[in-house]
Amino acid sequence: MKESLLTGLAAIVGPRWVRHRRAELATYTMDGLPTHESWPGVVVIPGSRHELIDVMKALHASKTPFVARGAGTGLSGGALAEGNAVLVALTRLNHILSVDPASRRAVVEPGVVNARLSEAVLPYGLQYVPDPSSQTACTIGGNVAENAGGPHCLKAGVTTNHVTDLEIILPDGSLARLGSTHGDAWGPDLVGLFVGSEGMFGIACSITVRLEPIPPAVRTMLADFPGIRAASEAVSAIIASGIVPAALEMMDQSCVQAVEASIYAAGYPTDAAAVLLVELDGQPEGVAAEHAVVEPLLRAHGARHVLTAESAADRARLWQGRKKAFGAMGRIAPDLVVQDAVVPRSALPDVLDRISEIRDRYALHISNVFHAGDGNLHPNISFDRRNLELASRVREASREIMTVCVAAGGSITGEHGVGNDKLDYMPLIFDAETLGAMQATRRVFDPGERANPGKVVPIHACREWCASPAARGNGRQQHGSLAEVAHD
Amino acid sequence: MPGSTDPRFAALDPCVHCGFCLPACPTYLATGDEADSPRGRIVLMRALERGEIGAADPALTQHIDACLGCRGCEPACPSGVGYGQGLEAAREILAERRGIAPAARAILTVFSNRLFWRTLLTAAGWFRATGLPARWASGTRLGFGMGMLASTRRHRVPRSFPGFHMPHSAPTVALFRGCVMDTVFRHVNEATRRVLEANGYRVVDINGQGCCGALHEHAGDRKGAESLARQNVKAFGGRANYIVVNSAGCGALLKQYGHLLGTRDGEHFGSRVRDVSELLAAKGPRQGGPLPLDVVYDAPCHLQHAQKVQAEPLAVLNAIPGLRLRLLPGSDKCCGSAGIYSTLHPDMARAVLDDKIRGIAAASPAPRVVTTGNPGCHMHIGAGLRAAGLHATVLHPVELLDESYRVGGLYSRQQ
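Taken in sequence, the protein lines are chains E and X.
Add 1122 to the 1-based position in the first sequence for this note's numbering, that's all there is to it.
Add 64 to the 1-based position in the second sequence for this note's numbering, that's all there is to it.
Errors might be hidden in some of the hints.
Interface residues of chain E toward chain X, partial, derived using beta-carbon atoms under 7 Å [to be verified]: (1) T1213; (2) T1258; (3) F1448; (4) M1451; (5) P1456.
Interface residues of chain E toward chain X, partial, derived using beta-carbon atoms under 8 Å [unchecked claim]: (6) R1141; (7) R1143; (8) A1145; (9) E1146; (10) T1149; (11) T1195; (12) V1235; (13) A1259; (14) S1376; (15) S1384; (16) Y1386; (17) K1446; (18) G1452; (19) R1453.
I should point out that these hints are in silico values taken from the structure, not numbers from a laboratory.
These numbers were taken from a predicted model, which means no experiment stands behind them.
For glycine and all other residues, C-beta sits at the position ideal for the given N, C-alpha and C.
All chains, full assembly: derive it from the sequences and hints.
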């Protein structure tokens, strides 16, 4: 790291907020996915929008690559920086700038923690709907970068459906506004393009989100099944009935046992092969009518018990268990690989059978916890990395699971993003031309390719993109800068 | 990442780096810096244990030292990571290899010797009586110290009462008088004795007791802590059914004397220790007269996390008719006091406290009393309130119950 850049950054944010000593960098070598580690060149923690803009200008002037980071709870290695890249931590930009209850909008800085926003608007009877399982810790800025989902995104849609407009800082330090707070913005959906761009287009410094009224009636059902296949068939049956629940989540036995051993024990039956959480919300009459359809469906597909929680405290307990399930995996083994694939709902029973078969063949411990309603699977493979042979089996099995999901008509990520974890899977679903188009789009925002380098689009296919029609034009020149980044 | 042989470091193994501990950590909330978070510190502790980063590395020690040790992260962890055990092991390594910082050493020396702390704290009590600390209390570093001292003052003097007649069958309790509690908070000790007697406990006096050793233990001075523990175990012997303590920080260590000393006597001592709220809650407690006050409760970390005593202080407060008790958001978070932490790391301690003070300032209706059962929290929050110009007073829950008993006339007639 150049001394002049360090001095320059310290002059902007204050020396206290520039981290460059080895021990401090060590704490930033991972995000929520500890199987990937990489050392940033320096970490800078700006304390205001103004400081952030100046930091971005300084990085542009010195042609330094950078990575934006929120709370570091992401699960695809997206918020890791390496080589000379500067990690820009946005945790101090954590102010809710305004709340407009009448128009149901809030404007927030990127470091605002997801759950804090819902707490802040609760007095108005409003909520921010997207609720990733890490919502008590993760930031809205990170949610925007990854287009985060969550249990309640089944009916209400994911992050992109809840962001109306953005003020972004482009990698050259200039500002741009995307979208429109009210009504639809003119022209192409640039907010839709930015949300989910995994930090490769710039940094959102002010985010306007939609708030929704808290539904007048909510019922959460807990159904337990003697078999995973029966549970997944129940999921398909509910969706086929025409009802879209607010949330429809599944956990298998291994997952339930880890949760029930934890401080977040929710009272899930530990002897069931799988449990489903089904939440219905809306007007009381509608909820009652849907409940009258869903409960018999669950029983018809073999549910042993169906419990309905109606008090807010009981519902919260059921959801806490589900949302902290990932964090409870440390009870099984010290290391963890989390997969995140999407399959068509109709393929769920077969795909789950295949995953069980892969688990047995590789003799692995897999816990399934996932958003069953939209077919978003999260097989968690627990292992101990000190066992090298086991670690290699885990890698093989992971790849095989992903191949099965893609073959079933699925996709390689539901909500965790590609980051650096899924780079290798990109060619499974995108051809060279499409990858080239992605790279060309990125260059519109970031011609120098300094924002979150080395993520999402695999570099080794670089030559192919340059040859692709979409990337032709300035491709050759950009190839040079890519190589620079890669070898820095 | 796994790899430890020391069982205390191995308690960190279940960490899968999910980050659910971040919002539970007062220092992370104050700085937003991963290096000041439980998850970041676990990375540092593991690197220290493996020798990848040395005990002399100032960047490592800065962030391990900046941990309050409140253990608020433990109940947030789905995997049950033993953060406190890892921290204890890491701090022992640091104390061994680089020694204890001179400022900390000086404070610990004072508390190791009864003559030293009694002289110093008694003088502090006299100084408080001049009224100058209250007048000089402010937000500056010196003014904050003045505010801490000023907030220890007694707020109402109960009339002397003839005492309760105790049947011989009444359970006996020995009051652990402590050091700070026995000097600048002597009135809280007196209130503790009165409310225990009102609830049917016979309080006996034990001479020869000293400081509990918690400050030493937290700073990694295990020898100092052991020596004080042995002195206390000897002084209390087998007398009394219970050893009652009204300081959460002391209680947490007193309960652990068996673990600290590894002796049967230590075990016997620890098993009899109760926080005063535990003994009172076990008796109801008895109801007193009305205190129509807006009160917020702030849970000391060493009570709620280290001792897992959560409901009992609320039961004590709820026994006071008319008291309008509230828990503010963040009332379960550390205030930043953490033993001698606030003296060694004043900036971080204040940054952590600021959040709490803002919450109290924003509460409506404005609380008249903030109540908490630990002298460090009492003084730290008290000074913060003064620095912010708020008029709320800090009181120990026992002081409120005592006042309720006085108002209710429990002390004015022979019982």
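Going through the hints against the structure:
With 7 Å as the threshold, the beta carbon of E:T1213 comes within range of chain X, its nearest partner Cβ sitting at about 3 Å, so the hint holds. This hint holds: E:T1258 has a C-beta 5 Å from the nearest C-beta of chain X, less than the 7 Å allowed. A least Cβ separation of about 6 Å between E:F1448 and chain X falls short of the 7 Å threshold, and the interface hint therefore holds. Taking 7 Å as the C-beta cut-off, the interface hint given for E:M1451 holds, the closest approach to chain X being about 6 Å.
A hinted interface residue such as E:P1456 counts as satisfied when its beta carbon comes closer than 7 Å to some beta carbon of chain X; here the least separation is about 4 Å, so the hint holds. The beta carbon of E:R1141 is positioned within 8 Å of a beta carbon in chain X (closest approach about 7 Å), and the interface hint is therefore held. A distance limit of 8 Å between C-beta atoms decides the matter here; for E:R1143 the minimum to chain X is near 4 Å, and the interface restraint holds. Checking E:A1145 against chain X by beta carbon gives a least distance of about 4 Å; that is within 8 Å, so the hint holds.
With a cut of 8 Å, the hint placing E:E1146 at the interface with chain X holds, because the nearest CB-to-CB distance is about 5 Å. At a threshold of 8 Å, the smallest CB-CB gap from E:T1149 to chain X is about 3 Å, leaving the interface hint in force. With a cut of 8 Å, the hint placing E:T1195 at the interface with chain X holds, because the nearest CB-to-CB distance is about 4 Å. Given hint, E:V1235 at the interface with chain X, holds; its Cβ is 6 Å from that chain's nearest Cβ, closer than 8 Å.
The interface hint given for E:A1259 is met, as the beta carbon of that residue sits about 5 Å from the closest beta carbon of chain X, less than 8 Å. Below 8 Å, beta-carbon pairs count as interface contacts, and E:S1376 has none with chain X, the closest being about 14 Å; its hint is therefore violated. The beta carbon of E:S1384 is positioned within 8 Å of a beta carbon in chain X (closest approach about 5 Å), and the interface hint is therefore held. At about 6 Å, the closest approach between the beta carbon of E:Y1386 and any beta carbon in chain X falls short of 8 Å, and the interface hint on this residue holds.
For the restraint placing E:K1446 at the interface with chain X, the shortest Cβ-Cβ distance is roughly 4 Å, inside the 8 Å limit, so the hint holds. For the restraint placing E:G1452 at the interface with chain X, the shortest Cβ-Cβ distance is roughly 3 Å, inside the 8 Å limit, so the hint holds. The interface hint given for E:R1453 is met, as the beta carbon of that residue sits about 5 Å from the closest beta carbon of chain X, less than 8 Å.
Hint 14 from the list above is the single one not met by this structure.
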